[in-house]
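Student: The hints should help you fit chain B onto chain A, whose structure is shown.
So you can see what is in the structure, the chains are spelled out below.
2 protein chains.
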Amino acid sequence: MTTDYRKMWEDLDISMKKHDQLLAVLPLVYQDVYLTQKNRPQAMEYYDFVISGVHGIRIKELLEAKEGGKKVVAYFCLYVPEELVIASNAVLVGLCGGSNFVDQEAEEVLPRNICPLIKASYGFKAARICPYFQAADICVGETTCDGKKKMYELLNELCPVYTVEVPQKSDTEQAKELFYKELKILKSKLEELTGHKITVEDLKKSIKMVNAKRAILDMLIKTRKASPSPISGKDSLLVSQIAFYDDPQRFTQKTTELVKELEERIKKGEGVVDANAPRIMVSGCPMAVPNWKLHHIVESSGAIIVVEESCVGTRYTSMGQIDSSANTVDGLLKSIAEAYLSIHCSCFTPNTERVEDNVRLAKEFKVDGVIHYTLQTCHGYNIEAAKIEKVLKEINVPMLKIETDYSNEDAGQLTTRVQAFLEMLKK
Amino acid sequence: MTTDYRKMWEDLDISMKKHDQLLAVLPLVYQDVYLTQKNRPQAMEYYDFVISGVHGIRIKELLEAKEGGKKVVAYFCLYVPEELVIASNAVLVGLCGGSNFVDQEAEEVLPRNICPLIKASYGFKAARICPYFQAADICVGETTCDGKKKMYELLNELCPVYTVEVPQKSDTEQAKELFYKELKILKSKLEELTGHKITVEDLKKSIKMVNAKRAILDMLIKTRKASPSPISGKDSLLVSQIAFYDDPQRFTQKTTELVKELEERIKKGEGVVDANAPRIMVSGCPMAVPNWKLHHIVESSGAIIVVEESCVGTRYTSMGQIDSSANTVDGLLKSIAEAYLSIHCSCFTPNTERVEDNVRLAKEFKVDGVIHYTLQTCHGYNIEAAKIEKVLKEINVPMLKIETDYSNEDAGQLTTRVQAFLEMLKK
Chain A
1 MTTDYRKMWE DLDISMKKHD QLLAVLPLVY QDVYLTQKNR PQAMEYYDFV
51 ISGVHGIRIK ELLEAKEGGK KVVAYFCLYV PEELVIASNA VLVGLCGGSN
101 FVDQEAEEVL PRNICPLIKA SYGFKAARIC PYFQAADICV GETTCDGKKK
151 MYELLNELCP VYTVEVPQKS DTEQAKELFY KELKILKSKL EELTGHKITV
201 EDLKKSIKMV NAKRAILDML IKTRKASPSP ISGKDSLLVS QIAFYDDPQR
251 FTQKTTELVK ELEERIKKGE GVVDANAPRI MVSGCPMAVP NWKLHHIVES
301 SGAIIVVEES CVGTRYTSMG QIDSSANTVD GLLKSIAEAY LSIHCSCFTP
351 NTERVEDNVR LAKEFKVDGV IHYTLQTCHG YNIEAAKIEK VLKEINVPML
401 KIETDYSNED AGQLTTRVQA FLEMLKK
Chain B
1 MTTDYRKMWE DLDISMKKHD QLLAVLPLVY QDVYLTQKNR PQAMEYYDFV
51 ISGVHGIRIK ELLEAKEGGK KVVAYFCLYV PEELVIASNA VLVGLCGGSN
101 FVDQEAEEVL PRNICPLIKA SYGFKAARIC PYFQAADICV GETTCDGKKK
151 MYELLNELCP VYTVEVPQKS DTEQAKELFY KELKILKSKL EELTGHKITV
201 EDLKKSIKMV NAKRAILDML IKTRKASPSP ISGKDSLLVS QIAFYDDPQR
251 FTQKTTELVK ELEERIKKGE GVVDANAPRI MVSGCPMAVP NWKLHHIVES
301 SGAIIVVEES CVGTRYTSMG QIDSSANTVD GLLKSIAEAY LSIHCSCFTP
351 NTERVEDNVR LAKEFKVDGV IHYTLQTCHG YNIEAAKIEK VLKEINVPML
401 KIETDYSNED AGQLTTRVQA FLEMLKK
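In order, the protein sequence lines correspond to chains A and B. According to our numbering, the first sequence is numbered sequentially starting from 1. According to our numbering, the second sequence is numbered sequentially starting from 1.
Only chain A is shown next, with the shape it has when bound in the complex:
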């Protein structure tokens, strides 16, 4: 891969030496974490292929789109509506960072003790390592946490960033009004960037396109209700992660194939692990590529993760199908705003719905235990964990609370804690 794309990366002003180091490491990690898994679904080949070409093929596609006059819009969070960006005729790519590879560059400006995702998101631009970032014409930020909100201001000194305000209550009239108006402004910004005036037809089409993506992801999630689960947590996580930057139509098609295969497996009672392996729900902070740390530890310890109450899990699909029946741009924007405010992110106060979701999912997926996952100093999820532990206790589902970053320093300690938790569940 490196030989074919060097010229492309140089043109994108990639820091080549450091980038070479990254590309030397990533395949080894992927081999170790993913390709050693047993009983993988055949259809995972596509996602393996995507990862193998993560800085190559997809970037080439983006650059070809740019040559054809399209713009590339980068984002970091579910709260930036894909529908709006797609309707503006731009290509959308998710840029959340999942590696501590650029911590040094990030910490030249950012505090050390902030969330690793925020450090990575900034660091990949500061270090000029990420071709997606280099190809982006604009980044769209949001105000879902203090750390990202303020990081975007510093990122704006390195590349153009536009931040959308997400309200802090999701159920008041004034919050709904604010978010709708914010999306209206975002729409104008996108139109200005792309030179394309968003029409009712554009929005109807993009809503349907993303609805289809969400529907198939939702079906994927539901296959994991089966016992044994037809797919590992790691593989399902990977699919969700790739959903953030792959071409949405191709992604939906490929994931439809995967789901078909998984449904066949379920019929045959075929799974990736023994039916008596402990079934775990992971709840909390998102995991960006290549953050497979917790899933790898849990599944290497003989358990299986069957659901993620997470932005790379049920929070991605929970809004269901957005209503595209309105016949005005404003009407469709209102549908979008309303749907997105139904994502139960810890950025909202109160966020009782997420607490309830945890109970519901624990029951629906028949989990034996929950691991609450907090990225270091993510105050929102970290504090909310107390409420979730309380309600899970009421239904006799044990919870292990962990807080970690992207380093391997605590991997040994985490493994010990996870294994002790699994032992406890077996008793």
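Accuracy of the hints is not assured; some may be wrong.
In silico lysine to aspartate or glutamate, EDC-like type, Cα no more than 16 Å apart, as pairs [what the hints assert, rightly or not]: (1) K222/B - D357/B; (2) K401/A - E108/B; (3) K390/B - E153/A; (4) K222/B - E257/B; (5) K176/A - E173/B; (6) K390/B - E64/A; (7) K260/A - E45/A; (8) K184/B - E173/A; (9) K390/A - E108/B; (10) K176/A - E177/B; (11) K176/B - E107/A; (12) K181/B - E177/A; (13) K401/B - E107/A; (14) K176/B - E173/A; (15) K181/A - E177/B; (16) K181/A - D171/B; (17) K38/B - E270/B; (18) K181/B - D171/A; (19) K184/A - E173/B; (20) K181/A - E173/B; (21) K390/A - E157/B; (22) K181/B - E173/A; (23) K17/B - E105/B; (24) K390/B - E108/A.
In short, the hints are calculated from the structure, not lab data.
Tutor: Just chain B, lined up with the frame of chain A:
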């Protein structure tokens, strides 16, 4: 003091043993930090008296007010408009915690690695140590940071909390509209609590009352432009801290006497330190009673703090005089909402105005250096520090960035860093 008030504290369900420990320690700390200062203004006697009766006299006043039918409203942040609470015929008390005395109780529920102010604010209720908390009929929270926002949800399980949404941008029409509507709802909540319908006259009166308090605090701040400063940073900080829970009219009267004395001192060229002592600005997170840690270290090292760009400093007074000319309750509420959104808190994005304030204040107060103060893991101020350091560098004002909590563990290290910084300034 303990003998007179034991019955009162018991009636408030104070945890007596732990409270006794607190009361045994506080006077010793106050003696050490405050009463050993030289050349203190005579008028500081009042504030010494307030602190000496901090859990006694003022609580007795609150309870008498309650017996007279008044309600006690507690708050934690500048963003809860005093004017509205006072107009509802309630008594307002600030509850921000400034001590790690109750960390153990707080950490039973909250994460360890969050801001010490948040831990203390929750912990004083959880441990039943704070008579203000025990006397409060309701707490009014706000959404100015992730940590407090989510802590209030847990606090709500211990006492009634109502949280006001503060927007995350301060200058958009939709944010202004949201905050105004939030204040309108707060008004209804207060009226429901107190049984008192807020009138135009009530609001005009309370606006004028708080305007007078802000005006005198502003004058106090400005006396410190003199060289030598007529008052220590520690004493000025104490006055600002007491402004959050003292009776506003008495406070204004007493602070007017203090300012008069300071102006006499300025005329005579009299100060608390040598005119050549390094002049320091402290910028960043608020300091709640009894958090005098940084000020004590700096002023014990031969420098003087001449201004705080802080909620216990210029951010308290920067909105100036709120316009009380409107003749409808809604009109006055709009004036209040607009004025409060002009506080340059790091909760906003962007917050360029605070960056500019730092430059302006550094010049106006002729500071030799700035200490940027972050409470542990306060992402907002911690990340914003990078921008402030940059602009201060452009005007050749050195900045020392510190992040600390309420413990004494890092006091030695901080002292060393502060002294090295002061040495550097002298060169």
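Student: It remains to establish, for every hint, whether it holds in the given structure.
Tutor: Evaluation of the provided hints:
1. K222/B - D357/B: 15 Å, holds
2. K401/A - E108/B: Holds. K401/A to E108/B sits at ~13 Å (cutoff 16 Å).
3. K390/B - E153/A: 14 Å, holds
4. K222/B - E257/B: Roughly 15 Å separates the two Cα atoms, so the pair holds.
5. K176/A - E173/B: At roughly 14 Å apart (the allowed maximum being 16 Å), E173/B and K176/A satisfy the hint.
6. K390/B - E64/A: Violated, at about 39 Å.
7. K260/A - E45/A: 14 Å, holds
8. K184/B - E173/A: Roughly 13 Å separates the two Cα atoms, so the pair holds.
9. K390/A - E108/B: Holds, at roughly 13 Å.
10. K176/A - E177/B: 12 Å, holds
11. K176/B - E107/A: 35 Å, violated
12. K181/B - E177/A: With Cα atoms ~11 Å apart, K181/B and E177/A stay inside 16 Å; holds.
13. K401/B - E107/A: Status holds; Cα separation ~14 Å.
14. K176/B - E173/A: Holds, at about 14 Å.
15. K181/A - E177/B: Since the Cα atoms of K181/A and E177/B sit roughly 11 Å apart, the hinted pair holds (cutoff 16 Å).
16. K181/A - D171/B: Judged against 16 Å, a Cα distance of about 14 Å means the pair holds.
17. K38/B - E270/B: Status holds; Cα separation ~12 Å.
18. K181/B - D171/A: 14 Å, holds
19. K184/A - E173/B: Holds. K184/A to E173/B sits at ~13 Å (cutoff 16 Å).
20. K181/A - E173/B: 9 Å, holds
21. K390/A - E157/B: 12 Å, holds
22. K181/B - E173/A: 9 Å, holds
23. K17/B - E105/B: 14 Å, holds
24. K390/B - E108/A: 13 Å, holds
Hint compliance for this structure: hints 6 and 11 are broken, all remaining hints hold.
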